[in-house]
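Chains B and C: place on chain A using the hints.
Chains as they are written, first to last, in the numbering used here: chain A, 309 to 867; chain B, 4 to 453; chain C, 6 to 127.
Bear in mind the hints are in silico, worked out from the structure with no lab data behind them. On a predicted model such as this, the values are computed, not experimentally measured, just so you know. Heads up, some of the hints might be wrong.
Beyond 12 Å from chain C on every Cβ pair, some chain B residues (computed) [claimed, not checked]:
id, residue
1, E33
2, F51
3, A77
4, H123
5, N179
6, D211
7, R234
8, A247
9, T287
10, S354
11, A427
12, R429
13, R433
14, G438
15, V441
The calculated DSSO-like cross-link candidates involving lysine-lysine, where the alpha carbons are at most 30 Å apart (straight line), are [what the hints assert, rightly or not]:
id, chain 1, residue 1, chain 2, residue 2
16, B, K52, C, K77
17, B, K173, B, K250
18, B, K384, B, K365
19, C, K19, B, K35
The C-beta atom is built at its ideal place from N, Cα and C for all residues, glycine as well.
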Amino acid sequence: MTSALRIVNGRVYDPANGVDGAVRDVCIQDGKVVADVPPDARRIDARGMVVMPGGVDIHCHIAGPKVNLARKVQPEDHRHDVHLRTRQTRSGTGGTVPSTFATGYRYAALGYTAAMEAAVTPLGARHTLEELHDTPVIDKGFFVLVGNNVLLYRLLQEGRREEFRQALAWWMTATRAYAPKLVNPGGDEFWKGGRNANVTELDQQIAGFGLTPRGVIDAFIDAANELGLPHPVHIHCNNLGHTGNYHTTLDTMRTAEGRRAHITHIQFHSYGSVAGKSGDNPTSKAHEISEYVNTHPNISADVGAVMFGRSTSMTADAPLAYMLRRFGGGKWVNADTEHESGCGIVPFTYQDRVYTNALQWAIGLELFLLSEDPWRMVFSTDHPNGGSFMSYPRLIRLLMDSEFRKEEMAKVNQQALEHSSLRDCASREYSLSEIAIITRAGPARLLGLANKGHLGVGADGDVTIYEEDADKEKMFSTPRYVIKDGVPVIEDHEFRTDHEGRLLHVAPDYDPAIEQVIQPFFEDFYTIQFANYPVSEQYLHHHQPIPTASQAAAGATVP
Amino acid sequence: MSENLRVVPDATCTFCGCVCDDMVLSVDLEHKRITKAENACVLGKAWFKEHGIEERPFALVDGREATTAEGVEAAAQILANARFPIIYGLSDTTCEAQRVAVSIADMIGGNLDTTTSVCHGPTGIAFQGGGESTASLGEIKNRADLVIFWGGNPAEAHPRLFTRYAVTAKGIFTPNGKKDRTIVLVDVRRTPSTPVADIFLQVKPRSDFEVLWALRALVKGRRVDPSVEQRTGISLAVLEDLVARMKSCRYGALLFGMGLTMNRGRHFNAGALLALATDLNEFTHFVAKPVRGHGNVTGADNVVSWQTGFPFGVNFSRGYPRFNPGEFTTVDLLARGDADAAMIIASDPASNFPQAAIEHMKRIPVISLDPKLTHTGQLSKVAFTTATYGINVPGTVYRMDDVPITLRPAFESPYPSDQEILTAIRDRVRELLGGNRVPAGDRLAGVAVS
Amino acid sequence: MAVTMTLIGGRSSKQGTSLCAGKFGAEYTQISSTVEMNVEDMARLGLSNDSKVRLRTPTGEAVVRCKGRETKDLPPGLLFMAYGPLSSQLMAGDTAASGMPISKNLEVEVEPLVEGPAPGGE
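So that you can see chain A by itself, here it is in the shape it has in the complex (with noise of 0.2 Å):
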């Protein structure tokens, strides 16, 4: 139970209900949006404020075994970026890859009440609910890694569609998952089993199956879109990172035809070459990429802008960190999950001054700057590989700042500028409504939140309240009041109180029966008893199932 609350006198953008800066109050009582509050509710003063919901990030990676190592690994990282405890809040250590507590504490800070791990092997689900428990504050919940699942390539080679479609159902349950996600399909036996080769066209065959990449891609738009997962496959495609590589994203989402899908981190797949030349710099596709999109409303993207500093590069798509490992200099992680992914991690920094990574901050830039539908072209840096999350205001800042923009255009690789048309878009300035739709209520619908990313009655009572400042970096880095299911976890810009946070996930329904073609090929091949793998009860605490379609047109709630 929480005590109501009036949010009063605050310039209001909640974009999904079609307010724009008006001053209206928003009311909160036992943790969720009303219509009104009695008058003796307690009253936050926004005046001189902006109101929005809280962010929602649709692709991050914060939890689980490969951002456990990736923290392992940079103690440098740690050291000079600590986070103290205070009497009611936990320590703990930032940098790119924060401890949990961090995590969720710095989230908040920005304003932030939600985000999603976005890739988790099955096999670790168990850890990575573990982690999401120790990180406060926000609500949140992960995709699992189902694009090189070993049993599934198996159904699907040998044609049993259905049967694939009720394993995948089978192991979002089981995983207690929000989302199936797919991670350079095709790639990981290549990797592990043909001496750390890849993939690289989308109708190749799959070392091992009669399968290409493209017929992977294909199944799972159908089956997650047949399961009426809330949100659509989670697509990272194949090529990741390579010079030329738009050919292939155009190719996926093609692949589509129609059917929902999501693209994620698109900008580090929008890279052309120069002409007559392979495997030298790259050039921006973004204007092709864009394009496609924008005209494609079954295709939705988030963006993953690149932002210089240092970052981590932490991915199921392991060729990809082995290729960065020339480029990073020390460290590399490679973990191998038995039939279901592969993993490289690489601490990396973006240098301005270098081409390649000047081009990658322009065309995230672009992508922005070009997108028609704010809607569906949401916000992120794919943190930490393109940036940590700590930088978003600074991004913010670069995409409803021109002046500001172009300032930090001279500081960077002039020869990469002219590879992209960011000079072109240089008077495209985001309004505030536009930036609450890309990072608040464009993420929350396209994860099939309905109580997320928007303050009408019945929503979820998670606000922010920003200090109006013509410096929007500094407006979004510190917000004066940070609201979690009504709770005033931030109050002038201070932690007031320790709060949990949810967990999101589905549980779509499947037929029993496929635990019988299942299990068998666990007693041969996994080294985890099948009794032994779902995800009980017990790692959920605090948690919200998500309804599939069926199950919300049934109006029964998930069990």
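Coordinates of chains B and C only, in the frame set by chain A:
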């Protein structure tokens, strides 16, 4: 079947880092003991057989029998009043208990370290220096055609590593088990593990680093002087043969033990091995894996890492976690006489630490939690008797390859779990301190971060 | 007469199983107070199985019983001993800033004892 008998399938053995989860336990509920542990190895059988319920006091305070509540009060007073309290152990308990233990260290501004520091701590340090190429044990079972064991004796310390995961285990690309693999063993002496090897390299003591470095050189095509044999006991021809095998295999795995980490060279040895595996990825797929010891020492590494950013040897006295092996590791803190109170959870440093460290433990108030009487329990001011994880206590344990497994306890213990005792201590310390202890006068601005 | 040898501390099956039974049981005490030694070294020092020797390092000393091993298993000059309270007495507290005391390949002085205090557990 009698109602006093119960069979628990898919139960997990937490004795060693293999964390085998295929136990079938027959439980005599009346006498609260496990009568049979199907699938268990010799160590697992002893683990299950010997963890019945012993008649012991719930707690001893100053040597006198006490209730758990009295023990909690005494422990909380010690921790709340200490200036340099240390918390150590945690390898033989659940992640749930480990999480509470770290939260206490954070709250009181104490020091937190685990048995990792005297196990594969040097491997952790080596990992921080360069990373590693690694894999879940199932990848080794299904794919590895070359497995090299280095500085360890799995047959005696991790008996099912060979059969379940790495030697005779059959998988997708290894349908014939051992016939599909070459097994190499490197050690300073013959052990019961040696017969499993197709190739045995008996290296001279204190020459692991030299052997590893010579292998790295050969992998990279550099010349190695034949005098390497005098130094290491291994001829150049044998090294060249091994390098050829390593470069030509499809999926190679280096599994290594404390013969590298507890030895002269420590993290340099582990680092050389990790680097060798990394180097080999220029030619083929190659992974390395430390063979971890106690049941949940890997869970402790994970928990401490996600809560603090560092795997062990963490100090909270400045209001945030700092990591420094040698400074904040327990052997050093005790041997130097720094700590003024200690809470030891599920481990027995008084039986295996250097004598100087044990002597200091005798001088300070020690709180200990253990199902059994231990040397540490004997010198403790407050000693709790606890239920045994995996046998009486549910929760989570991480296998040596970071795979978390949920425990299925066999029967209830009258004694509380580590998690229950630690939670009670934390709640009481919080009352005594009025919340987390915040370093005096820092308040954000004044803290020097060195 | 004392000679210098290299002591390897480690685990064994018996040490593991007896540990489960309890650290104050006769078996654990016996196992953790036995040192394995090369049979030729033993002959040279006039030792036989169950003979007592004193092991000494700059840190401390321990009296343990011998058990012979063939040369192919344990080369001359090497000793093996399961971890336990007695091996702790030989370990130095210095970790060279690693956190890890050296417990393998310790240089120890080995002195045969004709008479002397019996190791614990008898």
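We went through each hint and held it up to the structure:
no., hint, in the structure
1, E33, "22 Å, holds"
2, F51, "9 Å, violated"
3, A77, "24 Å, holds"
4, H123, "9 Å, violated"
5, N179, "28 Å, holds"
6, D211, "10 Å, violated"
7, R234, "15 Å, holds"
8, A247, "26 Å, holds"
9, T287, "31 Å, holds"
10, S354, "5 Å, violated"
11, A427, "27 Å, holds"
12, R429, "26 Å, holds"
13, R433, "30 Å, holds"
14, G438, "31 Å, holds"
15, V441, "28 Å, holds"
16, K52(B) - K77(C), "35 Å, violated"
17, K173(B) - K250(B), "23 Å, holds"
18, K384(B) - K365(B), "10 Å, holds"
19, K19(C) - K35(B), "25 Å, holds"
In terms of the numbered hints stated before, the structure departs from hints 2, 4, 6, 10, 16, listed from lowest to highest.
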